[in-house]
Amino acid sequence: MSLIVLLLLPFVGSCVAAILPHNARNAESLLAGLVALVGTVQVAMLYPQIADGGVIREEFLWLPSLGLNLVLRLDGFAWLFSLLVLGIGTLVALYARYYMSPQDPVPRFFAFFLAFMGAMLGLVISGNLIQMVFFWELTSLFSFLLIGYWHHRADARRGAYMALMVTGAGGLCLLAGVLLLGHIVGSYDLDKVLVAGDAIRAHGLYPVMLTLVLLGALTKSAQFPFHFWLPHAMAAPTPVSAYLHSATMVKAGVFLLARLWPSLSGSEQWFWIVSGAGACTLMLGAYAAMFQNDLKGLLAYSTISHLGLITLLLGLNSPLAAVAAVFHILNHATFKASLFMAAGIIDHESGTRDIRRLSGLFRLIPFTATLAMVASAAMAGVPLMNGFLSKEMFFAETVFISSTAWVEIALPVVATLAGIFSVAYSLRFTVDVFFGPKATDLPHTPHEPPRWMRAPVELLVLTCLVVGVFPAQSVAPFLAAAALPVVGGELPEYSLAIWHGWNAPMVMSLIAMGAGVLLYVLLRNQFRHGRLRYPPVIERFNGKRMFERSQVVMMRLARRIELLLTTRRLQAQLFMLVLVAVLAGLAPMLYSGLSWGDRPKIPGSGVFVILWLIAIACALGAAWQAKYHRLAALTMVSVCGLMTCVTFVWFSAPDLALTQLVVEVVTTVLILLGLRWLPRRIEEVAPSRATLDRAKLRRLRDLVLALAVGGGMALLSYSMLTRATPNFISEFYLSRALPQGGGTNVVNVMLVDFRGFDTLGEITVLAAVALTVFALLRRFRPPKESMQLPAQQRSLAPDVATDLVNPRGADDTALGFMMVPAVLVRLLLPVAVIVSMYLFMRGHNQPGGGFVAGLVLSVAFILQYMVAGTQWVEAQMRLRPLRWMGTGLLCATVTGLGAVALGYPFLTTHTAHVHLPLLGDLHVASALFFDIGVFTVVVGSTLLILTALGHQSVRSHRPSSLPKGIAPKGAV
Numbered sequence: 001m002s003l004i005v006l007l008l009l010p011f012v013g014s015c016v017a018a019i020l021p022h023n024a025r026n027a028e029s030l031l032a033g034l035v036a037l038v039g040t041v042q043v044a045m046l047y048p049q050i051a052d053g054g055v056i057r058e059e060f061l062w063l064p065s066l067g068l069n070l071v072l073r074l075d076g077f078a079w080l081f082s083l084l085v086l087g088i089g090t091l092v093a094l095y096a097r098y099y100m101s102p103q104d105p106v107p108r109f110f111a112f113f114l115a116f117m118g119a120m121l122g123l124v125i126s127g128n129l130i131q132m133v134f135f136w137e138l139t140s141l142f143s144f145l146l147i148g149y150w151h152h153r154a155d156a157r158r159g160a161y162m163a164l165m166v167t168g169a170g171g172l173c174l175l176a177g178v179l180l181l182g183h184i185v186g187s188y189d190l191d192k193v194l195v196a197g198d199a200i201r202a203h204g205l206y207p208v209m210l211t212l213v214l215l216g217a218l219t220k221s222a223q224f225p226f227h228f229w230l231p232h233a234m235a236a237p238t239p240v241s242a243y244l245h246s247a248t249m250v251k252a253g254v255f256l257l258a259r260l261w262p263s264l265s266g267s268e269q270w271f272w273i274v275s276g277a278g279a280c281t282l283m284l285g286a287y288a289a290m291f292q293n294d295l296k297g298l299l300a301y302s303t304i305s306h307l308g309l310i311t312l313l314l315g316l317n318s319p320l321a322a323v324a325a326v327f328h329i330l331n332h333a334t335f336k337a338s339l340f341m342a343a344g345i346i347d348h349e350s351g352t353r354d355i356r357r358l359s360g361l362f363r364l365i366p367f368t369a370t371l372a373m374v375a376s377a378a379m380a381g382v383p384l385m386n387g388f389l390s391k392e393m394f395f396a397e398t399v400f401i402s403s404t405a406w407v408e409i410a411l412p413v414v415a416t417l418a419g420i421f422s423v424a425y426s427l428r429f430t431v432d433v434f435f436g437p438k439a440t441d442l443p444h445t446p447h448e449p450p451r452w453m454r455a456p457v458e459l460l461v462l463t464c465l466v467v468g469v470f471p472a473q474s475v476a477p478f479l480a481a482a483a484l485p486v487v488g489g490e491l492p493e494y495s496l497a498i499w500h501g502w503n504a505p506m507v508m509s510l511i512a513m514g515a516g517v518l519l520y521v522l523l524r525n526q527f528r529h530g531r532l533r534y535p536p537v538i539e540r541f542n543g544k545r546m547f548e549r550s551q552v553v554m555m556r557l558a559r560r561i562e563l564l565l566t567t568r569r570l571q572a573q574l575f576m577l578v579l580v581a582v583l584a585g586l587a588p589m590l591y592s593g594l595s596w597g598d599r600p601k602i603p604g605s606g607v608f609v610i611l612w613l614i615a616i617a618c619a620l621g622a623a624w625q626a627k628y629h630r631l632a633a634l635t636m637v638s639v640c641g642l643m644t645c646v647t648f649v650w651f652s653a654p655d656l657a658l659t660q661l662v663v664e665v666v667t668t669v670l671i672l673l674g675l676r677w678l679p680r681r682i683e684e685v686a687p688s689r690a691t692l693d694r695a696k697l698r699r700l701r702d703l704v705l706a707l708a709v710g711g712g713m714a715l716l717s718y719s720m721l722t723r724a725t726p727n728f729i730s731e732f733y734l735s736r737a738l739p740q741g742g743g744t745n746v747v748n749v750m751l752v753d754f755r756g757f758d759t760l761g762e763i764t765v766l767a768a769v770a771l772t773v774f775a776l777l778r779r780f781r782p783p784k785e786s787m788q789l790p791a792q793q794r795s796l797a798p799d800v801a802t803d804l805v806n807p808r809g810a811d812d813t814a815l816g817f818m819m820v821p822a823v824l825v826r827l828l829l830p831v832a833v834i835v836s837m838y839l840f841m842r843g844h845n846q847p848g849g850g851f852v853a854g855l856v857l858s859v860a861f862i863l864q865y866m867v868a869g870t871q872w873v874e875a876q877m878r879l880r881p882l883r884w885m886g887t888g889l890l891c892a893t894v895t896g897l898g899a900v901a902l903g904y905p906f907l908t909t910h911t912a913h914v915h916l917p918l919l920g921d922l923h924v925a926s927a928l929f930f931d932i933g934v935f936t937v938v939v940g941s942t943l944l945i946l947t948a949l950g951h952q953s954v955r956s957h958r959p960s961s962l963p964k965g966i967a968p969k970g971a972v
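First residue of the sequence shown: 1, per the UniProt record's numbering; consecutive thereafter.
If you're looking for bench data, these hints aren't it; they were derived computationally from the structure. What you are looking at is a predicted structure, and each value in this text was computed from that prediction instead of being measured. Just so you know, even glycine gets a beta-carbon here, dropped at the ideal spot from N, CA and C. One or more hints might be untrue.
Within a straight-line C-alpha distance of at most 20 Å, the following computed EDC-like cross-link-like pairs (lysine to aspartate or glutamate) qualify [claimed, not checked]: (1) Lys544 <-> Asp155; (2) Lys438 <-> Asp294; (3) Lys438 <-> Asp347.
Derived CB-CB ranges, DEER-like [to be verified]: (4) Lys192 <-> His910: 25 to 35 Å; (5) Val582 <-> Ala626: 55 to 65 Å; (6) Leu586 <-> Leu902: 42 to 52 Å; (7) Leu577 <-> Pro21: 45 to 55 Å.
Given these sequences and hints, build the entire structure.
Right, dumping it as structure tokens:
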């Protein structure tokens, strides 16, 4: 199976899961399980290709000029993580079938679950750093949705928000660090980054880049001081917790550290930051886990501790420590997933996760209890368990480290203390829950879960035993294949034997187990009754409190800035915006100076000057009339737009002129529809002298700013137009438009081919703006004064006033006093459609194109609304603007992906010559389909905005909106 198919499989499954019925829990879990199982089998079958340091690489050209290509890369380390993501995902999908309630919105759960799986898989097999950051942020987004799955609960909403804020902020830091890393290396390609370690560490930007990248990794893996968000994520359903803690999300941070280990490690900065954060997290997480009374809370803090162990190993700058880190990533995934599932079974069957209420469950659920105890032993590092092997390697690295004297003493002590705490909280999970007197105050009487609900736990626990007893035969080749890319060269010598004789690591293990048992026995009663609390020194490191306080401080600061810089008066806000723009434009002009050249003028420029004198007069008149007569001001502004259109024609830019003309029509209609809802201007009858003085000063200030803006733009334009500019840009497009773009209209070829990615972004923004305007107008309620009838009309009888609203009393204006214009506009509609199609079809070679064609068709529909009325138009035809927009975006995107599927960069144009009967030879470019997307998005967005405004008129003439006593007869 191709890597791109492997990556798309979970996302396709997510889309299918989202449309399944609400009660299709079996179908949902079967779909998720099959998707993950098929992926697991396919990844396992790729092992021979990566076993000896091989790399599977697939590259799809996207934006090669910017180094942004879709690169999928699978080496031994990515193979191991892919196997964890898909394999444990298969088991979690089976487990979730029995854990989730039929009353839960299961389609939404499995849709988020599969999308989360796809995001993590994309992160693991990404071969481009920018692409990796993209999937990194997707994991944050989908984990937010999964953690907040039960959004009716406050703790779920709070935990999801906290996780998104912390990991999202870390993701922004990671993006900045990746941009610097790509700048240092000269490429974002992972293969080039991994072999450029010496150049990276020697660069002057290395400390800044390293700090940013580590902020992303440490926040994601909940390392100190960012560890506080992970325990609050326990509000998620237990299948999510099992998946998030074992193979996804929190493992993404340590994956990034190991992935970039060949490039970034080996420096003092790396050692102190990474190992320091790991050591603090190791100790703090292990210590805090002992005090948790919630089963999932205990496991959450133990995850924090074990992630700290992995981070500490990666920070030691030792290849053997890196191998141990990879080994513990695998071991931790198996026993932690099984423990979370066991905790979920206990909660599911007993109705509580409170350790203080649970006791004596071994007699009620013996099979589950046995499985949980074996997994707990692996977590504690008991011999013959997989956790023991990686723990021994960890102890050995702390003992034989070569560093400063105090570090050589402190690290073994820290490791041993963490081992003691690990044994203590593992005993709390097993002895307190499964032994002792039988609990009597449980919400439910526990019993063994369904057979297949326990099957994933059995398989994972069996893996812990097999790896622990037969490490060389079971896991050694896979570990070697996974660790080889991490160390970036030859593997160091290491042994996975169970017994290495009596040595320092073995003594440390015995001390940890013995002291851990003793510590548990001494504190058991206090744990049981909840009398043991955190020491005050630990409370001071409460990251949640720091996070919430920082939020409060930022919100207060934001409110102060808002009060300082904003006002409810639109005029003051516009003044500030324009002033900032003027200062931003003035700064470079003062720095570099402003001068003009001696470029010869165009013949006949006197007529051009006269035209713009008319435009200037209209602009001044519009500014003056805006206070007294808005319609007159709009008319004069339209003259300015017409003069702009003539200017484009004058300078031989017919495409711009055509677009400007149609845009003027649409904008004028838009403003006309909006003018109605503006409140009336209220003049103060007898203003005071001080008020008049303030008004004069404000007008003088506005006049000075207006003169600065107008004069500055005039000088800048004159300077640009009188200088001879280099024409290599125009020559580039002129020489390549026909041979490479397949069209002679250079402007259109630029929009749909050379700069097609920009156009795709623009139509996406246009659709987003249309949706935003639509959403705002749905909640918009016009001011009362704009919906009141004039005083003389209110004085008439109710029936007479009603006839004034709609004189003929018809159901709509098309059958009333606008009947003749409505007929003419209906006849104009097919003509406008033909003109629109003509402009569209000729756009690649002559002035026209999808944008102007879409505007022309939109104007035709808008005229129907204006003359015939909203209700009549929507009764006669269903335009469905949202479908127009969705279809357009899909068409434009699929056109670009078609080029990628053929091995070319995104949106690369292909041309074909087709011979058709009667029509003859036709020259067809793939950009035609991209232009169709532009056309449909423009039509849909324009209609959505303008019809939303039109619907305000329908609302305004409803009986509840008119003065008392007036009930219109269906006026629009």
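The hints, checked one at a time:
1. For the given pair, Lys544 sits about 13 Å from Asp155 by alpha-carbon distance, which is consistent with the 20 Å threshold.
2. Between Lys438 and Asp294 the alpha-carbon distance is near 19 Å, which keeps this suggested pair within the 20 Å criterion.
3. Using a Cα cut-off of 20 Å, the hinted pair Lys438 and Asp347 holds, with the two alpha carbons roughly 16 Å apart.
4. One distance hint, 25 to 35 Å for the beta-carbon pair Lys192 and His910, holds here, with the actual separation near 30 Å.
5. At about 21 Å, the beta-carbon gap between Val582 and Ala626 misses the expected band of 55 to 65 Å.
6. Take Leu586 and Leu902: their Cβ atoms lie about 49 Å apart, and the range 42 to 52 Å holds.
7. Remark: the range hint 45 to 55 Å for Leu577 to Pro21 is upheld by a beta-carbon distance near 51 Å.
Violated hints amount to a single one, hint 5; each of the other numbered hints is respected by the structure.
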